[in-house]
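Visitor: The chain contents come next:
Protein chains: 2
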Amino acid sequence: MSYKAPLDDMNFLLKDVFEIQKNLGDIEAFKDFDEELYSAVLEESAKFSENVLFPINREGDEEGCSFENGIVTTPKGFKEAYKEYAQGGWQGLSGDPEFGGQGLPKMLNVLTEEMVYSTNTSFCLYSSLTSGAYHAIHAHASDELKALYLPAMLEGRWAGAMGLTESHAGSDLGVIKTKAEDSGDGSYLINGSKMFITGGDQDLTENIIHLVLAKLPGAPDGPQGISLFLVPKIMVNDDGSLGDANGVSCGSIEHKMGIKASATCVMNFDNAKGFLIGKENRGLYAMFTMMNLERLSIGIQGIGLAETSYQLSKNYALERKQGKNAKGEATTIIQHADVRRMILEQRAYTEAGRALAVYMGMQIDKQYHHPDELEREKSEKRMAFLTPVAKAFFTDKGFDACNLGVQILGGHGFVREWGLEQLVRDAKIGQIYEGTNGIQAQDFMVRKICLDKQSMLSEIYDEIEISINRECDLPEFKLIKQQLVDLKLEIDSTIDWMKDNFKIRGYDIQGGATQFLHAFGHLVYAWMWLEILHGTENTDNKLLVQRKKVGAKFFSQHLLPQAFDLCKRVKMGYKDYIELDESLL
Amino acid sequence: MSYKAPLDDMNFLLKDVFEIQKNLGDIEAFKDFDEELYSAVLEESAKFSENVLFPINREGDEEGCSFENGIVTTPKGFKEAYKEYAQGGWQGLSGDPEFGGQGLPKMLNVLTEEMVYSTNTSFCLYSSLTSGAYHAIHAHASDELKALYLPAMLEGRWAGAMGLTESHAGSDLGVIKTKAEDSGDGSYLINGSKMFITGGDQDLTENIIHLVLAKLPGAPDGPQGISLFLVPKIMVNDDGSLGDANGVSCGSIEHKMGIKASATCVMNFDNAKGFLIGKENRGLYAMFTMMNLERLSIGIQGIGLAETSYQLSKNYALERKQGKNAKGEATTIIQHADVRRMILEQRAYTEAGRALAVYMGMQIDKQYHHPDELEREKSEKRMAFLTPVAKAFFTDKGFDACNLGVQILGGHGFVREWGLEQLVRDAKIGQIYEGTNGIQAQDFMVRKICLDKQSMLSEIYDEIEISINRECDLPEFKLIKQQLVDLKLEIDSTIDWMKDNFKIRGYDIQGGATQFLHAFGHLVYAWMWLEILHGTENTDNKLLVQRKKVGAKFFSQHLLPQAFDLCKRVKMGYKDYIELDESLL
Numbered sequence: 001m002s003y004k005a006p007l008d009d010m011n012f013l014l015k016d017v018f019e020i021q022k023n024l025g026d027i028e029a030f031k032d033f034d035e036e037l038y039s040a041v042l043e044e045s046a047k048f049s050e051n052v053l054f055p056i057n058r059e060g061d062e063e064g065c066s067f068e069n070g071i072v073t074t075p076k077g078f079k080e081a082y083k084e085y086a087q088g089g090w091q092g093l094s095g096d097p098e099f100g101g102q103g104l105p106k107m108l109n110v111l112t113e114e115m116v117y118s119t120n121t122s123f124c125l126y127s128s129l130t131s132g133a134y135h136a137i138h139a140h141a142s143d144e145l146k147a148l149y150l151p152a153m154l155e156g157r158w159a160g161a162m163g164l165t166e167s168h169a170g171s172d173l174g175v176i177k178t179k180a181e182d183s184g185d186g187s188y189l190i191n192g193s194k195m196f197i198t199g200g201d202q203d204l205t206e207n208i209i210h211l212v213l214a215k216l217p218g219a220p221d222g223p224q225g226i227s228l229f230l231v232p233k234i235m236v237n238d239d240g241s242l243g244d245a246n247g248v249s250c251g252s253i254e255h256k257m258g259i260k261a262s263a264t265c266v267m268n269f270d271n272a273k274g275f276l277i278g279k280e281n282r283g284l285y286a287m288f289t290m291m292n293l294e295r296l297s298i299g300i301q302g303i304g305l306a307e308t309s310y311q312l313s314k315n316y317a318l319e320r321k322q323g324k325n326a327k328g329e330a331t332t333i334i335q336h337a338d339v340r341r342m343i344l345e346q347r348a349y350t351e352a353g354r355a356l357a358v359y360m361g362m363q364i365d366k367q368y369h370h371p372d373e374l375e376r377e378k379s380e381k382r383m384a385f386l387t388p389v390a391k392a393f394f395t396d397k398g399f400d401a402c403n404l405g406v407q408i409l410g411g412h413g414f415v416r417e418w419g420l421e422q423l424v425r426d427a428k429i430g431q432i433y434e435g436t437n438g439i440q441a442q443d444f445m446v447r448k449i450c451l452d453k454q455s456m457l458s459e460i461y462d463e464i465e466i467s468i469n470r471e472c473d474l475p476e477f478k479l480i481k482q483q484l485v486d487l488k489l490e491i492d493s494t495i496d497w498m499k500d501n502f503k504i505r506g507y508d509i510q511g512g513a514t515q516f517l518h519a520f521g522h523l524v525y526a527w528m529w530l531e532i533l534h535g536t537e538n539t540d541n542k543l544l545v546q547r548k549k550v551g552a553k554f555f556s557q558h559l560l561p562q563a564f565d566l567c568k569r570v571k572m573g574y575k576d577y578i579e580l581d582e583s584l585l
Numbered sequence: 001m002s003y004k005a006p007l008d009d010m011n012f013l014l015k016d017v018f019e020i021q022k023n024l025g026d027i028e029a030f031k032d033f034d035e036e037l038y039s040a041v042l043e044e045s046a047k048f049s050e051n052v053l054f055p056i057n058r059e060g061d062e063e064g065c066s067f068e069n070g071i072v073t074t075p076k077g078f079k080e081a082y083k084e085y086a087q088g089g090w091q092g093l094s095g096d097p098e099f100g101g102q103g104l105p106k107m108l109n110v111l112t113e114e115m116v117y118s119t120n121t122s123f124c125l126y127s128s129l130t131s132g133a134y135h136a137i138h139a140h141a142s143d144e145l146k147a148l149y150l151p152a153m154l155e156g157r158w159a160g161a162m163g164l165t166e167s168h169a170g171s172d173l174g175v176i177k178t179k180a181e182d183s184g185d186g187s188y189l190i191n192g193s194k195m196f197i198t199g200g201d202q203d204l205t206e207n208i209i210h211l212v213l214a215k216l217p218g219a220p221d222g223p224q225g226i227s228l229f230l231v232p233k234i235m236v237n238d239d240g241s242l243g244d245a246n247g248v249s250c251g252s253i254e255h256k257m258g259i260k261a262s263a264t265c266v267m268n269f270d271n272a273k274g275f276l277i278g279k280e281n282r283g284l285y286a287m288f289t290m291m292n293l294e295r296l297s298i299g300i301q302g303i304g305l306a307e308t309s310y311q312l313s314k315n316y317a318l319e320r321k322q323g324k325n326a327k328g329e330a331t332t333i334i335q336h337a338d339v340r341r342m343i344l345e346q347r348a349y350t351e352a353g354r355a356l357a358v359y360m361g362m363q364i365d366k367q368y369h370h371p372d373e374l375e376r377e378k379s380e381k382r383m384a385f386l387t388p389v390a391k392a393f394f395t396d397k398g399f400d401a402c403n404l405g406v407q408i409l410g411g412h413g414f415v416r417e418w419g420l421e422q423l424v425r426d427a428k429i430g431q432i433y434e435g436t437n438g439i440q441a442q443d444f445m446v447r448k449i450c451l452d453k454q455s456m457l458s459e460i461y462d463e464i465e466i467s468i469n470r471e472c473d474l475p476e477f478k479l480i481k482q483q484l485v486d487l488k489l490e491i492d493s494t495i496d497w498m499k500d501n502f503k504i505r506g507y508d509i510q511g512g513a514t515q516f517l518h519a520f521g522h523l524v525y526a527w528m529w530l531e532i533l534h535g536t537e538n539t540d541n542k543l544l545v546q547r548k549k550v551g552a553k554f555f556s557q558h559l560l561p562q563a564f565d566l567c568k569r570v571k572m573g574y575k576d577y578i579e580l581d582e583s584l585l
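Residue numbers (our numbering), protein chains in the order written: chain A, 1 to 585; chain B, 1 to 585.
Take the hints with a grain of salt, since some may be wrong.
When the alpha-carbon atoms are kept at most 20 Å apart in a straight line, the in silico PhoX-like pairs for lysine-lysine are as follows [said to hold, decoys possible]: (1) Lys22(A) - Lys378(A); (2) Lys79(B) - Lys177(A); (3) Lys47(B) - Lys549(A); (4) Lys478(B) - Lys549(B); (5) Lys15(A) - Lys549(A); (6) Lys549(B) - Lys575(A); (7) Lys79(B) - Lys47(B); (8) Lys381(B) - Lys453(B); (9) Lys327(A) - Lys503(B); (10) Lys488(B) - Lys499(B); (11) Lys503(A) - Lys327(B); (12) Lys499(B) - Lys453(B); (13) Lys549(B) - Lys499(B); (14) Lys321(A) - Lys177(B); (15) Lys47(B) - Lys568(A); (16) Lys47(A) - Lys22(A); (17) Lys324(A) - Lys177(B); (18) Lys324(B) - Lys177(A); (19) Lys478(A) - Lys488(A).
In silico contact screen, one side only, chain A against chain B (beta carbon under 10 Å); selected entries [unchecked claim]: (20) Asp8; (21) Asp238; (22) Gly323; (23) Arg347; (24) Ile439; (25) Ile578.
The calculated label-pair distances, taken between Cβ atoms and stated as ranges, are [as the list claims (entries may be wrong)]: (26) Leu584(B) - Asp270(A): 56 to 66 Å; (27) Glu329(A) - Lys177(B): 48 to 58 Å; (28) Ser2(B) - Pro217(A): 36 to 46 Å; (29) Leu584(B) - Glu329(A): 14 to 24 Å; (30) Gly222(B) - Lys4(A): 48 to 58 Å; (31) Leu584(B) - Leu489(A): 27 to 37 Å; (32) Glu329(A) - Leu242(B): 27 to 37 Å.
Calculated from the structure, these hints are not laboratory results.
This one's a predicted model, so the numbers in the text were calculated from it and none came from an experiment.
For glycine and all other residues, C-beta sits at the position ideal for the given N, C-alpha and C.
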């Protein structure tokens, strides 16, 4: 049972579907790169993921992280793998060259990230949180802080962690209790305790840079009174060398269903020295600019795990003999229609998701680097709008895919040695952290649709229109195009219903938020399948073209139609249940 | 976080919905029992489950079973709990009084079983497998074997286990390799190895009675050449006392995703002495009569775990504060429409499932004990027809419920100490063992519908017709009734399509088997909700009546409608995918 990175598919998306050279080639930041380089990076990333990360994935799950005398130890092999990862330059792949990054496009980075999630989700989280912290510092910290901290983070010598959640405040950050006091010397004293801190402590890197949300004295109540601080585990001298330990300690680690090789920590800050990032009381704003990237990353976790489940379960089905066919020959279970259904369902969702991830990577590249301000704005809007869809739909469908994988293996899927059940356990957290998928759905329904003042939806509809109007003679293209047009009408009528009822009745319509997000997810995936089919005209890889046609057809026949039913369920509303006494629930 | 058995609901189902006194009162076997006794049994079962089994459930998961020097050890507390279970007479609850059982109805037993699954699924499996072995011996073994083995099994002093699966033969029992040779003294020598044997070894009981499928020399190939043998772990003397060890040993135990306190064993039979049950080469037949009961039991596991998830997640939502309402008051998350949706979805499926389990229990009682042969036959058909639906739909919806429970708890759902994630892991196996849900769906679509010669479907349709024609003025009743009539038309047209295409094209239609089973599951649950609503007229419990009306309405508005979409998906067919080269999957 092994994982092979889907390099053909990945190169196809970059070159033939989203034409990276055409779309990014004129942008100053990317002008030194070409398709050959992108392809070589994918290949190297594949080797590292297949040969270094996958082999330590299951042992990492079995061993888990341990916590003793205040110290977190990661499982065997993780330290060496992380060192190799850092030395290979993977942490700085799309980082700012000013701070030692390689400046490669996010379009490429989403694919290398997928491979890392596919082969070792726990490992990937250490890197992903470092990227998140890097982005927040890069966007909002002073030049001094950036110069002092970012290079070591991009080198992978120091990691990052995010201190948001407190025990009494999960998704509601407005009520946190951690306090910050101005020391008068440009630093602050941080006191408080945070929980569910991924990579809050570990033994992989020399230092850990915590970004911590805290309240200053006299700050306003609620979200408008939260500030963001950079709090290193070990103090950093002006020359970048490490100084004394800061007042940062790990209190315990969680025992979890999955991602067991990723340390989830309670972190205590006792008179820890911190540095303000961005403006006072504007911490949530600084955090949110980074959060879209983190949410996309977690979405990609769902795609990565789904890809691994697809591969492992398909390979098992190809080899597992069971029963005989009409001619009396021993058959493998891949000949069963029900097994084919489960394989194709995994693939049809995963490939559309991967396409959307690359599309969103392209929006990030344009948002930060496009010379034209209008283009930057448009890309930012598209990215903001699609983020909750990507986070929730990728991870929900990723979880489903892993469960289908287990079903294909039957009893062997439930037994640990085959690795499928670990995928389910690792995929489960994707639906929860970085804002539960329920919260993503509410964000999407209310902020992105009902209260939107920026016409974000029409920005995406414009893009879909371009896809619909492409020239493509494939019958599969015409089929999905028609379904997409029909579904868009149904979605529009659902949006009308949502807006009307949101005005009248308020928040009870959110009972249908998850269904609406899923319906919209199918619309977006249909659009991605159009793009994929259109892209097949740019390649000579006949097998790949055939596979895309099969995937598109399966999606259109067996998956997309349920979106209509989801819309109906949204419009049924929840007004009968929102005022109901709790004893009747 | 604790579990309280839903006694009001259970008593309501027995007394008011399925009128146990009216339906079973005239049957000789049950004439000594009355509702007061049934209610008292439920109450005692609740106490035992809440106070003895639930407290050792999470520790049992953490500790798991261990295997050392050929010996399986169950987690702390299991031995004492099993002893108490046996002494309380729970193992013999619905057993034949001739062999020391209490002869109570299965209608009651399904509810006590649910409580045991709810509170400790691993524990329940030891008991459930013993019941399965008891039934096979009771139905097919000689009087001598029955007299020698059944009393100790009903006492809970000896357990039972089922040796079916071999490493190369999962769901395909026709190709097993375990051999049996006639010793000429009325016994047989059994040689071979079995895997995935639940409770194959343990330290709870004095003896384990293995039922083992094996092939006699010269037996025909395939399913028609399999015989069933009773193989005790320790030989039993004629007076029922224990003799020497038999050639039965545990080779290893599996490391699994869940049900960790249930030992899943590789069992080796080396010249083990066995006794034929039923006729030579008719072993699968003997096994299958027991299998419907086992499948219902596994279905009930799904309901039990869903009930626990519903309770734990609802209680959490009632207590967990997050955010403020429009008046600035701190709110609990149960006030969110999305959380209410997740709570009601769990409840609406679970309560319909529980009703169906009780209905099926009643069919079993009639099948074995009704004085009228025609009634016995009808009940047997209903039970056989509904078995795959109950097994697969109960466990699929049970798994979904546990996942909704985790989502309600958010990060706390993923952390082990809250117990929700264990429910997901324990529920997962229900979709796999006793025939994967994919296999249940194929059995249902092909054997129970397309190839049925016994009009099993019309037997159930007759019952549904009775429900539809009941007098009931509740608006919810009228609503579901109309939906049920509409859905039945859609299902009928789907069945026509299935039969036509099965004749023409054969097995590719099975790609839609799971969807069809789910569609039919919604039809059956709608029927159950009709029965529940009708039953509310027999009770004065106003809160219960209100809760049933809410559950029925939610089911009709938000859950039932998806069945129409599922039917469409079935009729879309899989002919485009069945012949596809494997490289295109």
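Visitor: Does the interface hint hold: is Ile578(A) within less than 10 Å of chain B, judged Cβ to Cβ?
Guide: With a closest approach of 5 Å, the Ile578(A) hint holds.
Visitor: Do the beta carbons of Leu584(B) and Leu489(A) sit within 27 to 37 Å of each other?
Guide: holds, 32 Å
Visitor: Holds or violated: are the alpha carbons of Lys549(B) and Lys499(B) at most 20 Å from each other?
Guide: With Cα atoms ~37 Å apart, Lys549(B) and Lys499(B) exceed 20 Å; violated.
Visitor: Using the C-beta atoms of Gly222(B) and Lys4(A), is the stated range 48 to 58 Å upheld?
Guide: This hint is violated: roughly 37 Å between Cβ atoms.
Visitor: Would you mind confirming whether the straight-line C-alpha gap from Lys79(B) to Lys177(A) stays at or under 20 Å?
Guide: Given that 20 Å is the threshold and the Cα spacing comes to 47 Å, the pair is violated.
Visitor: Within a Cα-Cα threshold of 20 Å, do Lys47(B) and Lys568(A) meet the stated pairing?
Guide: Not OK: Lys47(B) and Lys568(A) at ~44 Å, beyond 20 Å, violated.
Visitor: Holds or violated: Lys47(A) with Lys22(A), Cα cutoff 20 Å?
Guide: Roughly 28 Å separates the two Cα atoms, so the pair is violated.
Visitor: Hinted pair, alpha-carbon criterion (20 Å max): Lys549(B), Lys575(A). Please report holds or violated.
Guide: holds, 15 Å
Visitor: Is Lys488(B) close enough to Lys499(B), meaning Cα to Cα at most 20 Å?
Guide: holds, 16 Å
Visitor: Is Lys15(A) within 20 Å of Lys549(A), Cα to Cα?
Guide: holds, 18 Å
Visitor: State, for the Cβ atoms of Leu584(B) and Glu329(A), whether the hinted interval 14 to 24 Å holds or is violated.
Guide: holds, 21 Å
Visitor: Tell me if the interface restraint on Gly323(A) is satisfied: Cβ within less than 10 Å of some Cβ in chain B.
Guide: Given a least distance of 5 Å, the restraint on Gly323(A) holds.
The structure fails to meet hints 2, 3, 13, 15, 16, 20, 21, 27, 30 and 32 from the earlier list, while all remaining hints are met.
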